[in-house]
Each structure stands twice: as C-alpha cells, then as structure tokens.
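*Asks:* Residue strings, one per chain:
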Amino acid sequence: MVSGKSEAHVLQRPKRWDTPFDTRMSDEEVRELLARPEFCSIDAARFPAAAPLHGILRNDCRIVVFRPGELIVREGDYGNSAFLVLAGMARAILPPGLPQRLLGRSTEQPPDWRALLLEPFRRTRIPEARDTRLYTDRAGRSGSASRERRVSLLEIADWRELFDQAPAPGSERVPPLGAKHKTAPLPPGSLFGEVAALGRGQRTATVYAETETRVLEMRWQALRDIMNRDETWRQKIERGYRSSLFRNHLMEHPLLAQLDATALEKVAAETLFETYGSFEWHLDFRNRKAAPAEPLVAAQGDYPDGLLLITGGFGRVSIRLGTSARTLTYLRNGDHFGLDELYESWRSGRECPYETSLSALGYLHALRIPYSVLAEHVFPRIAPPRTRLVDTAARPIADDAFLEWTVEERFINGSSTMLIDLDRCVRCDDCVRACADTHGGNPRFVRQGATFGKWMVAHACMHCLDPVCMIGCPTGAIHRSVAGGRVIINDATCIGCGTCAHSCPYDNIRLVAIRERDGQPVLDPVSREPILKATKCDLCHGLPSGPSCERACAHGALKRVDLRSLVIHASAL
Amino acid sequence: MRSKTLIRALLALPAAHLPRPGRESARAGFVAGLYLAGTLALWLPVAAAAWYLERRLGTGELVTGYALLVFTFVLAAFNLRKRLPALPLGSARAWKRAHLAIGAIATALYVQHAGSPYPMGRYEQLLALVFCAVVVSGLLGDFLQRLLPRRLTDVGGEVIFERIPAEIATLREQAEALVLASVREAGSGALSQYYVESLDWYFRRPRFLLSHLTGGNRGGRWIRDQISALRRYLDEREGRALDQIEALALRKNQLDAHYVLQGALKLWLFVHVPAGMLLVALACWHLLVLHIYAL
Amino acid sequence: MKSERSFRHEKIVYERPSDRYRCGRALLWRKPCWQGPDPAGACQGQSDCAPARIGDRWECRRPKVAGGKCSEGPKPDGRCPHTHPPCVPRPALRRWRGRAASLALLVVVLVFLIGVDPAVPWAVNPAALDAGELASSHAGFTREHGCGTCHASHRAEGLAWVASAFRANDPSGKCVDCHDFAGPPALVHNATFADRADVGTISCVRCHSEHKGAAARLSQVPDHVCGNCHRRSFDNFAAAHPPFDERYPYRRPGRIYFDHVRHAEKHFVDPKVRARSRAVAEFAAEAKAKCTVCHEVQGATREVAPRPYEKICGTCHDRDVVNGELNVLEPGQLTVMASLLLGMEKDGDEEANAKRLAELWQAVARDGGRALAALVAEAAGRKPAAEELFRGLATQLLRDLGSAWGAKRGLQAGAKEGSPGWGVRDNAEGRPALVYVPAAHGDPVLKAWIDFAAAAARGAEDPRRAIAADALEQLLDKDAVGACGKCHGAALRAASPLEFERAWKRPPASAAPHSRFSHAPHLELLDPDAGCGKCHELKADSGYAKYFSAKPGKPQPYQSNFAGIRKEVCVECHQKGRVDSACQVCHAYHLPHRFKLGFRMKGGRS
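Residue numbers (our numbering), protein chains in the order written: chain W, 1 to 573; chain A, 1 to 295; chain Y, 1 to 606.
In isolation and in its complexed conformation, chain W is listed as follows:
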C-alpha cells in the first residue's frame, strides 16, 4: 500500500463497514439471527444492495453474553446502541433507580501517564499525520468502544442494600431485588436502550442480566436502517420510545415525586406526548437565508389546559413587548411550562391565562399533563411554586441582548461552549497551541467566531445537548462518551464522508486531509482524492485535568461553559 517516499501514499477509501462492530461476528451467527422471529418478518428485499439486512446484522451488531448480575446498561450513561434480548432474562430497574455509588461508575478512565509524559517528545510538525497502518490492520481492532470493565450487582459490598436475601455464590439466577427497588422483566425478544441510542441522550434506566443473558447489541445506525424499512420495527420502536419516555420522565419528575404508583399510573394514562417543530431543525438553521420556523406551543393570553414537561429539544419563553416579543429564557429537557398559571387557577378558582409564550426552537418534545389530572393528583400534593417564570422579565431590557443572541445563534444547545472574553483575550493563541499540542500537533478549533459585544463563541465543538452531528454518521465513529456524554469522533472508524461536518449547525467539525508520518499526503488509489477525517474538539478526552485550551488561557479569557448558566446571570455580563 505504501509507495515510495516522495510519492503520495494511497489508502483504500474507508467505507461504512470497514470496521465492523465486532470482527468476531460469524456468518453462522447472522444466519441464526435471520431465523429469529424479530428478523425473519423483515422484508430483506427493501434494503439497498449497499446496506443489506444481513450486512447490517453482520457489521453493525454484535452478540454479547452477560453473566448473571452484570449491568448491561447503566442509567445516566450515554448510549449509542440498543439491545435485543436473545436468550436468558434481563431486568430493568425502574425509577427512582439505584444510587450512583451502586452503579460502579468511574467518572473517567484514568489518564495514560506514560503517553502524557512522552507527548512533548513525540510531537510531529507534519500536519494531520496518522499512522495509516492502524487503518489497514483490521484484525487488530474492533469498532466497539465498550471495552469498559463490566459491573456486576453481585459484587456489591453489602448485599443488604439491594437484596432481601444474600445471593448464593455461583448461582445461575440473581435473587429478586429488595422491595424498595421496582423492576420490570425483559424476556427474550425485548428491545431496550433504543431511546438513548436514537435520541442521542442518556440511558434512562439500568438493566442487568438476571440469568445468563445473550443480547444482540445494535448500533443506532442499524436500528435506524431497519426501522426505516420495516413498519413492525418502526411501530415497536416508537411504542417503546413513548412508553419509556412516559414512564421515566413522569416517574422521575420532581413535581410528581409525591405521587404513589396508582396516581402516577392515572397521570400517565391521561398524559399526551406532543412534538413541535422539525427534528431535523439543523438543516433549516444552516440555511440562513430565511429565519427558521419557530412553531408556537403556547401563546401569551391563551388559557392553559395542561402542564408541559419538556423532554427534548428547546423552547423559547417570551413575553410581548412593544411590537415584538422579548425572550425571557429558554427551556430544555427537564424543564416545565405553565405550572405558575395552572397552579394559580387551581388555587384561586378562576382561570388564569398564560403569562408568557412558548415556541419551539428547532424541535420540542413535551408531555402534556391535563389540568384535571393535575388538580386531582398533583396540586394537592405540592408546595406552591415559589417563583414564576414571568419573574425573569424583571431584569433590565438591556440584558436581553445576550440571551437573544445565544438563542438566535442556537448556542443554547452547547454544554461546553468555548466562550472567549475579548476584553481579556490578548490573542496570544496559547489556547490553540495547547490544543494542538494535546492533539498530535493539530489544533481542533478555530479561534474565531460569532461575537456579541466582548463575547466571542469560537468555532470549537460545543458538545451539544442535542448533537445533531451524529444523525447521519454511517459508522458510528461520532459518538457520545459513555460517561459525561462528550461528543467524540473515533478516528479509526471515521470514513471522512463529511456528514457530521455538514450537519453541524455551527461549523465546528472540520474535515482534514491526512498525511503519513513522513509528511506525504494519503490518497485514494482510484480517485486520487485525499483521504479525509472528520476532526473536532473532544474536550481533551483522556487528559487528567480537563480541556487544555481553558487551562492554557493565562488571562482567564477562555471558558468552556454551558451558556445557560451565564444567561441566567445575564446582567452580570
């Protein structure tokens, strides 16, 4: 593959299934899977030749066996795959779930000190140099990122915290959990984990293997392809998605924390799932010719009929001012809208109209709990709301501008936005150099971007709450780290298709033409086009002390922030 020194190197352009999820998947196993009822009902003819069903099963799925007690997914982890139980019995732990310390979660993997210390001596001046042997040596790698140590419930220090009776050592079955832990069985044929996988979000529940359990782990790309071509799967996934959303969101919501199981069931039965706006909002947003559509969810002055619990996307809360609307704040997953007015109506007995408007920024998923249910089950059990959403209008109008800007630019999506205080920034580029030095000599952001007053949001990955960049990735190279949910690109599996870069509404992903370590460009042997890799900020994943750009700023000008924390302190700006 590698040609002479002065010549460009060539490398077969990577394709979707160059790096299978698990290289050990055999034809035998694929055949076995295709014979199962879940897959034999699928019309394989509807799949394109480039991505046939058996190809999906072969390359985007893997079979994993969990010992009794081992956790399959953990609540709070970021998931990129769903699971189909093939044999054995899994069990989901329903909210409130297990305490964090029982989940055996280590926040980050320990840093590789040897590599850190050797880093200054390994720096290369070749831009975007890669060891291409790593790409061609397929046997030695696997696309599965989940090599983390498995955690077992049976390894718990004090069994009394979980079980009523001590688990017998070597037992084939995990004893039932104590009465305070509610669980649901997941027999063979059950699909779980699809909500987090498709919604680019966190696992909403912990699932463990009750007996030895054989599961099919499916990359979300496999799930997407199958549900796009098979109605049964689509309905199954949507049903599961909704029920899971209902169950978890309602059970976890602090407003409903006082409700008992039966009341909660009633609430769930009456609750509606609503969607506003477009799930693929970023396409609109990228085309800046026209203002993106912003569907109204609730209008100021209308009478509310239910409480909205936001489960995904973003909503703008605004109030009429002059000839336009003034943005007060924005809402996202976990927030709610309409409580103040509904509670006041219930308390005073007269109908109170919405004091503010809510509109969907991009898309907004919400659960609507009708007023009647609230009046019967919720309001009698909660303390009166201490503040009202409309109170935020008390700040000076001058302070709106920054919030309006962050909303308009959709920076609300970011969780680690690179915000630079230009009044402090001496333009020394220490941040860029630090970034380059921690990424093999290559910067991973551009120190330039949209400015508002003294604030500049540089072109660095914001690690969005809704990472739309992940939508089109054919290989799953771009994924969220299991702990922390950082959006990370696996360089080994990236095929340079550019889907993520095009999807990113903020232009924070860049395609780079790679070079061999001798400095020569690496080209596709046929088209002679350069081999590309998508690159972006990974928040210095694996470094012991956080993003090096922020730590390298000697003037405290550069911060990685969740802009909402700033917006809430808007007038401190």
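Check each hint, because a few of them may be wrong.
Said to hold, decoys possible - Restraint-style ranges between C-beta atoms, simulated for each label pair:
#1 Y:V124 to A:R146: 39 to 45 Å
#2 A:R146 to W:P110: 38 to 44 Å
#3 A:D142 to Y:H224: 33 to 39 Å
#4 W:K15 to A:N217: 54 to 60 Å
Said to hold, decoys possible - Which chain A residues stay away from chain Y? Per the calculated CB distances, all over 12 Å, these:
#5 V31
#6 R151
#7 D243
Please keep in mind that the hints were generated in silico from the structure rather than gathered at the bench. Here the structure is a predicted model, which means the values were calculated and not measured. Ideal Cβ placement from N, Cα and C applies to all residues, glycine included.
Assemble the complex: chain W is given as a structure, and chains A and Y must be docked to it using the hints.
*Replies:* The following block gives chains A and Y in isolation, referenced to the frame of chain W:
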C-alpha cells in the same frame, strides 16, 4: 444527571434568576486578598530572613540570592508550562498570577540583594541591565495586556493575526475587481485613476500604524476624505461601486488596527523572553563566579 | 443579529500557530497559498493543485478551501494551469523570538569566553569576572598578578576552575599575608574573651567588602555590622548606646595620693600656703585657675600625664621631703634599721640585744661596710644590695664609728648638721649616731630602705617578717623622714613584691585597645585652660581620702574625687547632624594593626 439537577435547582430557586453582582465582587475581593496574602507570605519570610542574617554577620545576600535564583527559574518555567499543556501542571491563569506576584517579589528581593541600583562589576552591570529590561518589559506587557484587548474589542471585526495578510489581499482583490467592473461598465476613468493614485497605496499593506497604535482614527478620516472628494466625479453606478469600495476600505481599516494592536501584544515579548533567558543564564554565571571566588 | 456563516467548515482550515514557517507571499501582503510552507520551510504553493490522472484524463484536485475545482481543468500534460513563482517562506514570529533569545545568549557567551589575550583565545574574558574596581589601597599591588592575588581559585584552569566552586573560597586567608594584628587575626577582635567562649573566628570579608570602587574606604564599617554580634544593635549613639559606668573613667585609684578637691579648694587658696613664698603663691594661684599647670594637655592623646614632681608638687612639698635626719644606727638603741638588719625585736631580750649590738660594733670597727653588707645579705637574702642601702657611706667613717661605739666614746661629727647624705650626730646621751639626711624627692637610699623593708615584710621568715612590717609602717609614716608614705603610701602598701618597683611610678595608660579617645581634638574645641571641667567634674564630698588614709589591714573602698563622665556630655556634640557618632569613632574593632615585613613582596609574589 448532575447538571440536570443543577438546572432544576436553578429554576426552583428564586434568587438564582437574578444576578448577584455583590456576591461576584465579594468573591473577586476574596481572591485578590488571598493572592496578596500569598504574595506576602512568599516574600516576607525571605526578606525578613535576609534582613536578620544581614544583621547576624551578613549572609543575607546568600538567602536573597538563592531565593532570586529559584524565583527566576519559576518565572522562566511559565514558558515551559505553556509548552506542556497536557500535563496537569496547574492552569496557565494561576501560573500567570504567580508570575506577576513572583515577578514583583523578585524585583523587591533584587533591590535588597544588590543594594545599589547600579553595581560596580561589568558583568554585574549587564545583569542589572538585563534584570531591568525584563522587569520593565514585563510591566509594559502587563499594561498592554490590560489595555489593548479592550481596544481590539472596540475595533471589532475579530481576526486572527496570521490571517491578516490573506484578508487584506482578499479585500484588495475585491476592490480591484469592483474598479475593473466599473470601468468596463461606465467607461469613465475617474474611479480607476483614483484607485491607481490612492486606494492602491492604501490596500497594498497596513497603513496609519502609529495612529492605530495610539488610538487615533487617521485611517478612517483618510477614507472619508478621499471618498467624499471623489464622489462628485462619479455617476450613480460608479457611486454604488464606490460605496462598496468604502466598505472594503473600512474593513481594511479594522484589519490595520488589529495588525498593529495584536502586533504590539506580541512584540513586547521580543524583549521580555530573550532578556528573561539572558537573565537566567547570567544569574547562573553569577552564582558560579561567586562560588568560585568568594564563597 | 445572526452572524454570517463566514466560517463554513469547508472554507476555513485550522489556523496552526505552532507552524515554524509562514508563507512568503503573505509577508509581502499578497494572498498566501492554501498549502502553506512545509515543516522544513519549503514553498509548496507553486501550483494550485496536483492534478490526478483518472484513466486517461487529468482531473483538478484543488480543494474547496482554495475555491474548489477550477473551471479550465489541468493542461493536457497534467500540469496545473494556476502556477505561481515560489515564495521564500519566513520563520514564524515566535521563531524570530526564539532566535533573538539565542542570539542574545550567543553574543553574551562569546563576549564572556573571548579573552583579551590573543594567545589564549578561549579564556574567560576578565569583564565576565569583573566584580567591580578595587579600593585604591589594594589596586596597586594586585595589578601585577590580578585576581589571583587574593582569589586562589582564579589560578585554576578549565574544569578545575569550575570544580573549585564546590570548595570553600573565602579570600580572607589572603588578607593576612599582608595584614597583621597584635592578636590572632582570625579571632573576633583579635582576642579571646573569658566571658564569651562562644565568640570564635570570623572572615575578613564579613565586614570589609572589596570591589566597591577606588574611593571605597574598606576600614569604614557601618554600625549595623557591629550589631551583628553585639546584643544591642543600634545606629544611634545618643538614643541607644548604654550609659557609661557611673565611675567612668575613675574606677581605679591612682598611685599617688593626690586629692584634687583639697588642693583646689583648700591648699591653693590657703593664705598660709601662699604666704610661704612668692613662688608658692604664684603657683597656687595659677594651679587653682588652670588644670594645665599640672597636666600637659597640648598634644595629649588618650593619656594626659601630669608634669614631673619637680615642676609642680615640689614647689610646695620639697620641704616635706627634706624634713630631718634618719637615725640609722646608734649605740644602745635598737633603731628601725638595726632591728631590720639584725632581725631583732625592739621589746625583745635587752641583754641579748645589747650583746648582739656590741658584737656588731666590733664587726663594724673591724670590717667597716662589709660587716653591714653581710647583715643585709643575711636579712634579705637578695638585692637591694648593701650598696643601695648604704650608698655614699665612707668605710672609714663606719670603722671609726664602730670603734667609738665599741669603746663607748664619742666621735667628732663628720658633717655639718642638716646637710644631705650620711653623717654622725651625737644622740641625746651624747654618743655618736649614724644618720642619713635625704637629699631630694626620689632619694635612692631612703627608697632602698623602704624597698628593703617591704621585701622583708613579704618574705617567708615569720619573726623577721613582723619586724619588717613594723619597720615598713614606720618608714611609710606620713611624718617619717622623707614623707614618702604621705603620697606613695597607699600604692606601696597595696603592691605585691613584684609590683613594688612599679608602684613608685605613674602607671602606664590602662590597656583599652578597643577604645579610641584623644584629648587633643576635644581641647581644641574647648577653652584649653579651663575647659577640662566640662568633662572632668570635681566631686567635693567624695570620700577620696578614705582609701589613702586607711589603717593597715582595714582597706577602704576607693572613691574618685571626680564625678563619672556621663554619656550625655559626649552626646552634646556626638549626635546626628553634629559630630559623627558611629561605633568606630570611639571603638576599634582590631588590636593594633601593622603590615607584615616585606608584605609588598609577599602580596606580589604569592
């Protein structure tokens, strides 16, 4: 999960919605106090020990001397820290604060150590001069770092220093294209003559550097004067081209300011860093000579 | 409010501030190429792309960053149509900064390493070692051998020179090649102090810093240096110096009983005294008025000696000295001298005494002075020899006397009564006695007899000792012949045999090697005749006399008849803004300094 809880807490708490500048400034005051205390805690023991020893048979110079040497190395290590961003060596911000504090301490200790402002020995005179250069350039740099970023913010049109030549070249290309198009369409020579006589000079490279450095607006005034002088000779179509050219020139004016101010933010280091390196070398030499000849 | 999308991911590449080279075109304010220089600094932008051959066609490979594929496409031979002359990439700003640092370092290293001597091109330049100009006193003799004169390590070369940094290199060892002191040079104050065993050695450079310029005064040491050791460290004589001892500087009695108060207040104004003679009257009047009549202060340093007895005391006291005859030997009488010589007690056995005397007279008649000399030797066992005691006594006279005493007859008087020297007088019984008349102050015979008695009084033999002590008391009685005891008595009584000779004389100035004081400059500021009282203040009722007139065996404490000098008197002038009051004005650190013999050669050669 934690951030979720935090946000809920923020939404639930009444006061969290409202800014608390009082608390912010109190925190800043606390940090400043801590910083000052740290500085004094680092300086006073050394100075006092040296002063005491000076009055107990005069080895105080050794204390201040070695402290100065250690501090010089710590100060120089700031540069090293910048080269090793991956290692958990503390944030650069803390380093810079320590750099300022230790720089101030070292200056005080230097005065105590040297006694007279200008020593008698020739290499010691060089050492003193270099020390002076480091301190003065450091103070200047700190001043510039506090002053110029705000000026840059006010100028607007943020640009990366290394990209300024490319941006100026692009502006020049665009201006030339506008002039050419205008000449082709209108056929009048006024605009092209004017471009050749004046604008070509302006778009060639950054201009009015001193004015930008001192905060003046000579460039902007120049553009205004030139454009208004020319406008009377142009027809409507050429006038539109001139408007676009004016916009380009104003952007160029911004770039010029960025070039000068960002350049100034880099240039002081051309004194500070080499002089600092020289200082480390001379300090080591001083130590060696002293140990060979007098200690 | 929404920003323009000018940073489309496909349009803008990462800016790489760590790159070592910048495009040369950009430095000429032209558009830089999209490729940029390679890491080695070579231009990569001579054409917009490297077209690729696909099948039999050439395709443009210009990336989107540079505008995407060009419309015209590659030339038939596969070359890109958009070519540019190569630029000369220049190092990035930070590399220039690094170069500036390296250059500065290099220049300094070169300047340091290139010596002035062309024969030794890589010697260290003296300027790189120059710690400052030497004091003028040292500059001359070190010129020939340079730094090595004082810094031994300077002569080491190469690595040995560097290695000497790890040895002790105190140059003080070289100071003593030339400088010597009246005590060990390395010891603090060149002396040991019984009460300060902790005080040890010290290096010269602790106090004396060289290389401070030609005009620097090396011996000048600031006050705080003294404070290094002295517990009370101060830089203000007036405020912080401890007060002087209240008897300072009159702690010890002098050897002469001279009561300044009685003389000044009584004797010098006594009409009886003044009536004695004109000379006495004049002297008394003058002495009353001026201290300088007795004390020679012109040119005096610390010590101000009184003028000689003859010039001052003698004016009045000569008649006390030449005041009678001393009966030395007489028959039938045991004189003080006889009891001393024979070791016989006055109130002893009279028969034995008479017998012993009779034998003596026979021996004297027979042997003259030799008989007495034998007695002296027997009595004292040591000098003063008989000739001191009997200086000027003619042997014939003695023989005659011996015969006369033996025969119990008279003798014609040999000399006129009252004339000084030896003579014969008839005593009350009309028998001849050997007498001595002192000639003047400091009469040697009288002094010899006192010395003889004192030596015997401190001798070993018990009966003779008591006799001698008794004899000494009689000789020192204030009314005794010569009246020696009147002024010298106290000092002589207190003196040990070894000090006895010294006890007659004015003592040398007390040893205070670490103090400095000179009367002369002070007197220049005061009225030289009357100004002494400014510091030396008489104290009327001091009890000065008690010490001198104490009964034997009942010593009295000494009280000066001067009030102690107070610090405040000094402070009147020695204070800030007036006269220097640094430690070194009054105190000397070193014992007296001298240069070693041939130090110039030593300093030069070693």
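*Asks:* Now look at each hint and say whether the structure bears it out.
*Replies:* Quick rundown of the hints versus the structure:
1. The given range of 39 to 45 Å is respected by Y:V124 and A:R146, whose C-beta atoms sit roughly 43 Å from each other.
2. Between A:R146 and W:P110 the CB atoms are about 40 Å apart, so this pair conforms to the stated range of 38 to 44 Å.
3. Restraint check, A:D142 to Y:H224: a C-beta distance of roughly 36 Å satisfies the suggested window 33 to 39 Å.
4. At roughly 58 Å, the beta carbons of W:K15 and A:N217 sit within the given window of 54 to 60 Å.
5. The Cβ of A:V31 lies farther than 12 Å from every Cβ of chain Y, with a closest approach of about 30 Å, so its non-interface assignment holds.
6. Look at A:R151: its CB is around 20 Å from the nearest CB on chain Y, clear of 12 Å, so calling it non-interface holds up.
7. Listed as a non-interface residue, A:D243 keeps its Cβ farther than 12 Å from every Cβ of chain Y; the least gap is roughly 19 Å.
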